[in-house]
Amino acid sequence: MTNEVAIELTLGELSLDELTALTRHAEATDLDLVVLTGEDALLDPWTTAVWLAGRTERIRIATGRPGSPLPAVAAKALASAEALSGGRVLVADPAFVRLPARSTDDVDGHAPAVHAARRERRLAHRRPGIAYDDLPASLAATAVEPGDPAYRGASSTYLRGGSPGLVLRPRSATEVAHAVAFARGHRDLPLGVRSGGHGVSGRSTNDGGLVVDVGALDEVEVIDEEHHLVRIGPGARWKDVAAVLDGHGWAIGSGDYGGVGVGGLATAGGIGFLSRKHGLTIDQLRAVELVLADGSRVRASREERPDLFWAVRGAGANLGIVTAFEFEASEVDLVGWAQLVVVVSDLADGLRRFGEVASGAPRDTTVFLVTGRPQRDQAVLQLYGMVESADPEVVIERLTPFAEIGALARQQVVLARYADVMAIAADVGPEGHRGYGEPVTRSAYAPRLTPELAADTAALLDTGLVHFFQLRTMGGAIADVPADATAFAHRTPDFQVTAMGADRTGLDAAWDALAPHFDGLYLSFETDPRPERLHDAFPPPTLARLREIKRRYDPENLFRDNFNIDPQEGPHD
Amino acid sequence: MTDYGHDLLFGTFVTPSAQGAGHVLDLAVAADRAGLDLVTFQDHPYQSAFLDTWTLLAYAAARTERIHLAGNVLNLPLRPPALLARAAASLDVLSGGRLELGLGSGAFWDGIEAMGGRRLTPAEGVRALREGIGVIREVWDTDTKGGVHHRGEFYTVDGAKRGPRPAHEIGIWVGAYKPKMLELTGAVADGWLPSMSYLPDGADSLPGLNARIDDAAVAAGRAPRDVRRLLNFMDAGPASSADWAEQLADLALTHGISGFIVGGDDLATTERLAAEVAPAVREIVSKER
Ligand SMILES: Cc1cc2nc3c(=O)[nH]c(=O)nc-3n(C[C@H](O)[C@H](O)[C@H](O)COP(=O)(O)OP(=O)(O)OC[C@H]3O[C@@H](n4cnc5c(N)ncnc54)[C@H](O)[C@@H]3O)c2cc1C
Chain A
1 MTNEVAIELT LGELSLDELT ALTRHAEATD LDLVVLTGED ALLDPWTTAV WLAGRTERIR
61 IATGRPGSPL PAVAAKALAS AEALSGGRVL VADPAFVRLP ARSTDDVDGH APAVHAARRE
121 RRLAHRRPGI AYDDLPASLA ATAVEPGDPA YRGASSTYLR GGSPGLVLRP RSATEVAHAV
181 AFARGHRDLP LGVRSGGHGV SGRSTNDGGL VVDVGALDEV EVIDEEHHLV RIGPGARWKD
241 VAAVLDGHGW AIGSGDYGGV GVGGLATAGG IGFLSRKHGL TIDQLRAVEL VLADGSRVRA
301 SREERPDLFW AVRGAGANLG IVTAFEFEAS EVDLVGWAQL VVVVSDLADG LRRFGEVASG
361 APRDTTVFLV TGRPQRDQAV LQLYGMVESA DPEVVIERLT PFAEIGALAR QQVVLARYAD
421 VMAIAADVGP EGHRGYGEPV TRSAYAPRLT PELAADTAAL LDTGLVHFFQ LRTMGGAIAD
481 VPADATAFAH RTPDFQVTAM GADRTGLDAA WDALAPHFDG LYLSFETDPR PERLHDAFPP
541 PTLARLREIK RRYDPENLFR DNFNIDPQEG PHD
Chain B
1 MTDYGHDLLF GTFVTPSAQG AGHVLDLAVA ADRAGLDLVT FQDHPYQSAF LDTWTLLAYA
61 AARTERIHLA GNVLNLPLRP PALLARAAAS LDVLSGGRLE LGLGSGAFWD GIEAMGGRRL
121 TPAEGVRALR EGIGVIREVW DTDTKGGVHH RGEFYTVDGA KRGPRPAHEI GIWVGAYKPK
181 MLELTGAVAD GWLPSMSYLP DGADSLPGLN ARIDDAAVAA GRAPRDVRRL LNFMDAGPAS
241 SADWAEQLAD LALTHGISGF IVGGDDLATT ERLAAEVAPA VREIVSKER
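So the sequences go chain by chain: A and B. The end of the first sequence is residue 573 by full-length UniProt numbering, with every number in the run present. The end of the second sequence is residue 289 by full-length UniProt numbering, with every number in the run present.
Hints in this document: simulated from the structure, not taken from any laboratory. There could be a bad hint or two in this list.
What the hints assert, rightly or not - Here are the computed lysine to any residue pairs in the SDA-like style, where the Cα-Cα straight-line distance is at most 25 Å:
| no. | chain 1 | residue 1 | chain 2 | residue 2 |
| --- | --- | --- | --- | --- |
| 1 | B | 161 | A | 377 |
| 2 | B | 178 | A | 69 |
| 3 | B | 161 | A | 531 |
| 4 | B | 161 | A | 39 |
| 5 | B | 180 | B | 223 |
| 6 | B | 145 | A | 13 |
| 7 | B | 178 | B | 152 |
| 8 | B | 161 | A | 74 |
| 9 | B | 161 | A | 17 |
| 10 | B | 161 | A | 42 |
| 11 | B | 145 | A | 375 |
| 12 | B | 287 | B | 63 |
| 13 | B | 178 | A | 377 |
| 14 | B | 145 | A | 71 |
| 15 | B | 178 | A | 375 |
| 16 | B | 145 | A | 377 |
| 17 | B | 161 | A | 37 |
| 18 | B | 145 | B | 126 |
| 19 | B | 161 | A | 477 |
| 20 | B | 145 | A | 40 |
| 21 | B | 161 | A | 375 |
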């Protein structure tokens, strides 16, 4: 492995302005590493390094370990700097080759040597088993490998850190087919498929494998004004979709967060603020185009390959890479958008009452709930949701029962466009995602929010094992669709339930104990790796049919990063 | 009626969520752009879901231009004072005088111990904070010759270099509720930074608590107005900005609160606080003063 070459800046030797200017100049000269030295200078090196990272975009800043005598505090500072800067603050490695600079001329003089070393190092960072040099030129132009400056942002997702050996970023369906062909040649390595990178169950990053990131396929185009038909690339974010459709007075319900990508959500379900009135996101889907495991590009709809179309709506991740979705959008006028904070003294009772009110509400009203560990004999319920009505009186009437669940600590209710609500989500910046670690979550469907479930949930939250607990209200139009109409079979529960924690073993044990209250799970929020979960996601008839379809379309099991249905398992006919 | 006559500060209280680092920064940048005076972050290093607050302060300072930043409040038991002083002075220099130092004596001792910190009784925690503030001021005092030498009950500093010299007078703001902490606040701090939801009787607690700080300040030969009074609110106030402004103005005029720090982690609240509430409070207060 060749050593990294760094520009060395010495604190105390340079003024503050020079320090910033030289770092920025190095960045502009396409150098990618600065080392700050001068431990006995007055300025604290760690604080200065983090500050310089904040004042730049791409360059990495290395320095000594954070100044704390407590190793746990120093380790946390490092992990945090990594998360904040997209991996651009690091501890200087004694093996770095340091080229001292005091002026921009010095930096310019060092640039050729740094660039040559980088070319060598890129080769050295390659992971085994990947035929990097066989990549077609079209894919090579946008691919990112571990030695590349863009790697940190391309290797992690919203909730996960990762270290893939190669991230392919195709720009067209043809290039996606090339990427799939390349992946087929690497069948023994992990393969992740990524659209918006907000996967929870979907492992859209990995260690040492390939990622096909279709984020560049992000077009949103109206193809039939009269029938409200819209063609959307998997890489679009739901906030972008909402913004385009808003110009036509339309909307397609997605989830509660506009930053989520189209590809992952529209192949799994899509439980959102408009679902009770218009159905799941997949219920608005009219056709998809996808690249199959054999590299062929096909279209699926009710008429063409209806079996595939059935399977994509709920288990799409198993069947191919969707390169375009065609949806029928609904006309949606102004909506009432509400954020209420309600404080209750008895959490179980609060949950039970929320259950009654939320599932008893008319279809135009969808309210979700978030809460955490109750404190000092009181629990804070955050309720947020939509009333699909432009009439303030209707909005108030619909929301009043929610506000009466406990003491109303805060309320914000406005008439808004659906697109405004989606726009609340933050953009992913130029540095890409910054997730690290692995999310610890569980998911379930609650047929009803019974008093027993409410009591057991309150007891669970008291333990502190769950710091984020969420109820997504279902019912209404979701349940109008028969269980066998799509691979999303759990049509009749009142709620989708999500719990996030930090302790995998503890959360799993506690959540398993709640099983009697539940019937199945929504795969999108489930990260338990145990194989039984597949049977919770897909009831027996659905799973049997999916496996049969999987055997035909992906017999070698190339697509397996998200609730994988192994074609080899299960009965063969 | 108590009013210490300080100009009013408005700011936000942002959860330093590790999973949502991007959103945390967005909230800080939004507060800066909206023209708020302060963005602050709680500090619980033992809480795995949170970022390291010191590192966050440095990064957020670099991403913002005008706003002042503070820990709300920094955990002194896990941040030895001489190092913290140097880091704080550095960040003040780097940011052009935009750092304030919120400090606490530590509350969650299990967590502190788990991170390698030393468990103290509450009374020891208060003494350690007072001693720590002394060390911090020593390090910042670059006019005195020679290094910092300190041998105290909790901290030992052997000839540490002084400086760097802060770019402005960094305010030391203390999160205090109990009598001993309030006394310390009056005696040595530049500001008091409690949270409304932890006051036993809400705003009705303020006169009694203020009085303790005032008495301690006077006893230490200072004036009550040497200690700015700030207050954290976990969530936005009433939906009507006018109502919210009335509430805050009342706290300013009746209880001398001159810093209003609002949580909720919500961009809309940040913007409303800056655009609607802060100007209205300032107008009411300036009329009444
Ligand atoms: C903050 C947040 C809020 C959420 N809220 C909701 C909600 O309200 N309702 C709801 O239903 N869900 C919600 N989700 C879950 C979300 O729908 C899933 O995590 C979804 O997979 C994210 O899609 P993505 O494209 O951004 O993710 P990615 O990480 O890009 O993909 C996730 C997985 O989807 C599959 N996939 C991605 N692209 C394609 C493609 N083009 N073709 C085939 N398979 C593909 C892959 O298996 C991949 O691993 C939320 C998630 C987050 C993080």
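A quick look at each hint next to the structure:
no.	hint	in the structure
1	B:161 <-> A:377	violated, 49 Å
2	B:178 <-> A:69	violated, 30 Å
3	B:161 <-> A:531	violated, 59 Å
4	B:161 <-> A:39	holds, 12 Å
5	B:180 <-> B:223	holds, 18 Å
6	B:145 <-> A:13	holds, 22 Å
7	B:178 <-> B:152	holds, 23 Å
8	B:161 <-> A:74	holds, 22 Å
9	B:161 <-> A:17	holds, 23 Å
10	B:161 <-> A:42	holds, 8 Å
11	B:145 <-> A:375	violated, 50 Å
12	B:287 <-> B:63	violated, 36 Å
13	B:178 <-> A:377	holds, 22 Å
14	B:145 <-> A:71	violated, 33 Å
15	B:178 <-> A:375	holds, 20 Å
16	B:145 <-> A:377	violated, 54 Å
17	B:161 <-> A:37	holds, 17 Å
18	B:145 <-> B:126	violated, 29 Å
19	B:161 <-> A:477	violated, 70 Å
20	B:145 <-> A:40	holds, 18 Å
21	B:161 <-> A:375	violated, 44 Å
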